[in-house]
Amino acid sequence: DAKTTQPTSMDCAEGRAANLPCNHSTISGNEYVYWYRQIHSQGPQYIIHGLKNNETNEMASLIITEDRKSSTLILPHATLRDTAVYYCIVMGKGNQFYFGTGTSLTVIP
Amino acid sequence: SAVISQKPSRDICQRGTSLTIQCQVDSQVTMMFWYRQQPGQSLTLIATANQGSEATYESGFVIDKFPISRPNLTFSTLTVSNMSPEDSSIYLCSVETYNNYGYTFGSGTRLTVV
Chain D
278 DAKTTQPTSM
288 DCAEGRAANL
298 PCNHSTISGN
308 EYVYWYRQIH
318 SQGPQYIIHG
328 LKNNETNEMA
338 SLIITEDRKS
348 STLILPHATL
358 RDTAVYYCIV
368 MGKGNQFYFG
378 TGTSLTVIP
Chain F
23 SAVISQKPSR
33 DICQRGTSLT
43 IQCQVDSQVT
53 MMFWYRQQPG
63 QSLTLIATAN
73 QGSEATYESG
83 FVIDKFPISR
93 PNLTFSTLTV
103 SNMSPEDSSI
113 YLCSVETYNN
123 YGYTFGSGTR
133 LTVV
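First to last, the protein sequences are chains D and F.
Per my numbering, the very first residue in the first sequence carries number 278; after that it's consecutive.
Per my numbering, the very first residue in the second sequence carries number 23; after that it's consecutive.
Hint data in this document are derived by calculation from the structure and do not stem from the laboratory.
Don't be surprised by glycine CBs; every beta carbon is placed ideally from N, CA and C.
It is possible that part of the hints are untrue.
To be verified - In the DSSO-like style, the derived pairs of lysine-lysine whose C-alpha atoms are separated by at most 30 Å in a straight line are:
no., chain 1, residue 1, chain 2, residue 2
1, F, Lys87, D, Lys280
2, F, Lys87, F, Lys29
3, F, Lys87, D, Lys370
4, D, Lys280, D, Lys370
5, D, Lys329, D, Lys370
6, D, Lys280, D, Lys329
Said to hold, decoys possible - Footprint (simulated), chain D over chain F, 3 or more residues, beta carbon under 8 Å:
no., region
7, 51-64
8, 111-117
What the hints assert, rightly or not - Across the chosen pairs, the derived CB separations fall in these ranges:
no., chain 1, residue 1, chain 2, residue 2, range
9, F, Met53, D, Thr282, 19 to 29 Å
10, D, Met287, F, Ile34, 29 to 39 Å
11, D, Ala294, F, Asn104, 41 to 51 Å
I would like the entire structure built from these sequences, with the hints used as guidance.
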């Protein structure tokens, strides 16, 4: 079962930073937080993951709170192609991914 | 990361028939997963398929309806049996990656049952 909660939808102006929050208050000490996105019924695409330190790659930054109960995905300069559903996932104990409802991000011109 | 080929990409089927979906991976993987995504919904895990053992099904999914084969470390099939319109969904397979980057997903099979 999904162990994360996210807002259902968000809007972001093109060129601005998109900040997508995620709550994972029951996360265990050795569980990673993963972020994926799905663009219009394509297969989900990996964005970034982290354990407790903040992470950055060419796509996004991931900020994890010190208590690890929540995190924020940051798309620094959102483009129209970033319009997608974003999923925050904590891996299940059998190494499965259980998807929550995700956040539908709409980037507005 | 692994490259997944999923076939067919889409199909329209008559109710009462069955469809077998294939998932081919370009590298050997231990764990493969099958998901269903109903229209407008998130992904729901159907089952975990490990080579050499029977698939493990999630609550609400049964082997008679969704039989799975896993004959080797690069291939798996999911059959949707005795289909009804409620089975119209996108079905996706997924495999683990070995660099701790989570899982790779296939492009999915869009199934419409009429």
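Hints versus structure:
For the hint linking Lys87(F) to Lys280(D), the alpha-carbon distance of about 27 Å falls within 30 Å, and the restraint holds. At roughly 19 Å between alpha-carbon atoms, Lys87(F) and Lys29(F) fall within 30 Å of each other, so this suggested pair holds. Using a Cα cut-off of 30 Å, the hinted pair Lys87(F) and Lys370(D) holds, with the two alpha carbons roughly 25 Å apart. Proximity of Lys280(D) to Lys370(D) is assessed by CA-CA distance (about 11 Å); at most 30 Å being required, the pair is judged to hold.
Between Lys329(D) and Lys370(D), the direct Cα distance comes to roughly 18 Å. Compliance with the 30 Å bound is thereby established for this hinted pair. Between Lys280(D) and Lys329(D) the alpha-carbon distance is near 17 Å, which keeps this suggested pair within the 30 Å criterion. Counting residues of the region 51-64 of chain F whose CB lies closer than 8 Å to any CB of chain D gives 5, which reaches the minimum of 3, so the coverage claim holds. Only residues whose beta carbon comes within less than 8 Å of a beta carbon in chain D count, and the region 111-117 of chain F has 3; three or more means the coverage holds.
Against the hinted window of 19 to 29 Å, the Cβ-Cβ separation of Met53(F) and Thr282(D) comes to about 26 Å, which satisfies the hint. Remark: the range hint 29 to 39 Å for Met287(D) to Ile34(F) is upheld by a beta-carbon distance near 35 Å. About 49 Å separates the C-beta atoms of Ala294(D) and Asn104(F), a value consistent with the hinted range of 41 to 51 Å.
In this structure, none of the earlier numbered hints is contradicted; all agree with it.
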